[in-house]
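Trainee: Chains V and E supply the protein sequences, listed in that same order. Just so we're aligned, residue 1 is where the first sequence starts under this note's numbering, counting upward by one. Just so we're aligned, residue 1 is where the second sequence starts under this note's numbering, counting upward by one.
Careful: at least some of the hints might be erroneous.
Stated by the list, open to error - In silico DSS-like links for lysine-lysine, alpha-carbon gap of 27 Å or less:
no., chain 1, residue 1, chain 2, residue 2
1, V, Lys276, E, Lys5
2, E, Lys229, E, Lys49
3, E, Lys5, V, Lys98
4, E, Lys5, V, Lys207
5, E, Lys225, E, Lys208
6, V, Lys276, V, Lys207
7, E, Lys229, V, Lys284
8, V, Lys207, V, Lys284
Said to hold, decoys possible - Here are some chain E residues pointing at chain V (derived, C-beta under 10 Å):
no., residue
9, Leu141
10, Asp177
11, Trp258
I should point out that these hints are in silico values taken from the structure, not numbers from a laboratory. Since the structure is predicted, the reported quantities are computational estimates derived from the model, not experimental observations. Where is the CB? At the ideal position from N, CA and C, for every residue including glycine.
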Amino acid sequence: MSAHRAGPTPAPLRRFQRTTARAFVLRTLAFAFACTVPQHALAQVADTATVPRPVVTVFADTLTVGHYCAVVRDAMSRDAVQRVLADNLPLVEAKAGKVCDPRVAPLLLRSLTGRGAVSLAAVARQRQKAYSEVAAARLDTAMRTLRPFLRGRDVQPTINSALGDSAAQVFRAVLDAPALYFTAAALDRSLERLSRYERKLGLQSPKLNAVEVLLNYSAQRWVPGFAPSVTRGPSPFELIASYVPTYATVQNRKATAVSASEFGVRGYLFGDNWGKDGRAGILKPAYWSIGALVASDRNGALAWPWDGRTRTGAFVGWGELKIGYVPGRTSSVMVTRQMQFIPFVF
Amino acid sequence: MSAFKPQSIRWRADRAVLLVHGIGDASGAGPAAFPTTQLADALGDDADKVAVYTLNYDFINDWAVRKTNLAAGIDVLGKAIGVKFDNAELATTLAKYCGDVLWPVLHLDTRMAVRDAYMAQLQQIVLDCGEAALARGHDPLGYRVSIVAHSLGCFHTYEALHAAVREPEYRLQPGTDLTQLESVVLMASPVQLIRSVAGDIGVLVPDKGALATMAPSGLSLPAQKFGRKDVPATRHFVSVTGTQDPVGGHLFGKRTDWGCMSIHGQRTEIVTQTLLGDPVQSLKLALASGGGAGAMVGGAVQDPHSWTAYVNSKAGLLRELLA
């Protein structure tokens with residue numbers, strides 16, 4: 001999942017927006033802002049100062065990268081702060097330069113997580129929406145680098161005394177707001193990955209037999225694309241090597257059981273709209289499968305696929321429903337449902 | 001989204017602790033599986049000021065057991081162990097918890113899923129902390145978060161903290177993201193034990209490079225390289241173990257090098273223990289309860305692995321670090 005995915009605001013972020021600080025903090029911040037950063041950058045904040053809303057929501061709705069820049073520049077203009085930054089000053093100035101790029105100044109802090117709308121001013125200026133995503137990634141890196149140097153335990157006493165209590169409180173809140181937003185976005189991603197693991201391993205997923213356990217263990221170790229990753233979560237792919245005695249076909253106008261072996265791959269559908277229960281699951285299942293099918297020309301339940309003349313065909317699966325086809329003199333279309341009869345065996 | 005929901009608490013003051021469960025069915029026992037009452041007793045008047053989070057990951061182990069039909073394997077393992085112990089019930093219990101220990105080491109998906117659940121809970125704590133501090137006009141960096149883990153929870157904590165300092169994805173790097181913990185207390189840590197055992201079956205362990213427990217350089221305190229300095233994941237890293245607790249690295253009162261976690265820079269607290277009653281019964285109780293509530297029965301049986309007993313015996317330490 002992209003770190004800057006567009007889409008509906010997820011639950012942790014919504015809750016975060018709802019439950020943060022209250023109006024008195026906002027009024028304090030608005031007042032302190034008025035004292036510390038240029039007036040033109042504060043117009044929007046002042047307009048909302050009388051509305052009792054959570055402070056971080058207000059930041060998200062109204063504060064821009066330009067405000068962030070103003071606060072950082074103000075702190076860095078103090079001699080005491082420059083002295084305590086010492087050798088790190090060039091790096092901090094370089095990152096501050098990126099944050100203070102006038103082209104990104106209109107971007108809302110909230111839009112940096114990819115979940116809030118970019119301000120109309122920004123879009124109008126850049127005339128390309130994609131720019132905001134690129135800019136957001138760069139700004140994320142710049143802000144993430146700046147914060148420990150300007151908010152760390154070493155420098156904080158100096159900042160506090162240089163700015164004064166009220167302005168220092170604003171400074172902390174402005175630098176922490178995007179950091180908390182990015183943490184909320186990281187939480188969303190953690191939960192998204194966990195939901196993918198649940199889809200692949202959880203109650204609705206097909207069970208593996210002993211051979212498949214070993215095959216998939218090996219694939220995860222040695223085949224690219226099968227191992228889980230820190231950022232994406234589980235691989236969507238799973239190898240299939242199973243004996244399926246439950247295929248059914250019609251031969252001579254009579255329903256007949258067919259036993260077959262399947263060799264293929266299963267792909268999990270990790271999107272939010274997939275993995276439905278019940279009838280909806282027919283249209284929106286949790287997985288698909290495709291591969292080769294080996295069956296004996298002697299039909300019947302529990303028949304050995306390599307007994308007699310072996311027929312090789314193919315199967316495709318959509319959720320639990322699977323359809324197979326084996327060509328030959330007695331070619332047939334077969335159907336079955338994903339299930340496991342004997343645990344660990346088939 | 002996942003069925004797992006990280007716990008979110010409105011902080012009453014400026015501190016919080018995350019309790020991480022070890023082996024045992026924390027899902028079944030619910031909150032009772034955690035020694036929250038004992039912790040409150042230890043903290044005394046400060047108990048109300050500490051937001052107590054709990055984390056268990058049994059549900060992920062259960063996914064893996066079902067997915068790979070481990071139950072069949074557990075039955076076989078249980079029968080094999082049963083021959084040695086002449087106690088079928090204990091054998092099944094032992095086999096199940098052997099599986100709980102092995103899964104995160106041998107099964108990559110399980111290992112990563114547990115880590116994501118752990119990280120989600122830590123990220124939620126960071127958000128709760130930020131909300132509480134901003135609401136009061138305080139500096140969030142002045143607020144304190146600690147972890148108290150027991151048994152296998154220590155292994156997951158050790159791995160999670162190393163992953164947190166290593167991977168920017170989680171936004172929990174102590175240097176970059178200013179998320180240094182106040183303290184981490186590992187009670188009856190099997191980290192060294194797992195390192196020894198996993199080392200013996202090393203060829204079977206996938207992606208060893210991502211397992212801090214198996215790092216060639218040895219066990220270490222998790223720290224982020226930030227500029228020219230190392231920023232530790234926690235200000236206090238404490239290991240607590242008992243003299244009769246085999247999971248914590250002691251056998252018949254003696255410390256074992258292959259089982260006892262000893263990391264340069266850690267603070268070690270040893271609890272002197274005396275076994276009472278049937279040791280097998282003690283072990284079964286410990287496994288069944290995960291060392292939480294109910295691990296002691298009327299004082300007649302002392303469970304050397306009991307989390308409850310550890311919290312009671314180290315009340316002073318917990319008060320010092322958490323209150």
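Trainee: What are the numbers of the hints that this structure violates, sorted from low to high?
Mentor: Numbers 2, 3, 7, 11, in rising order.
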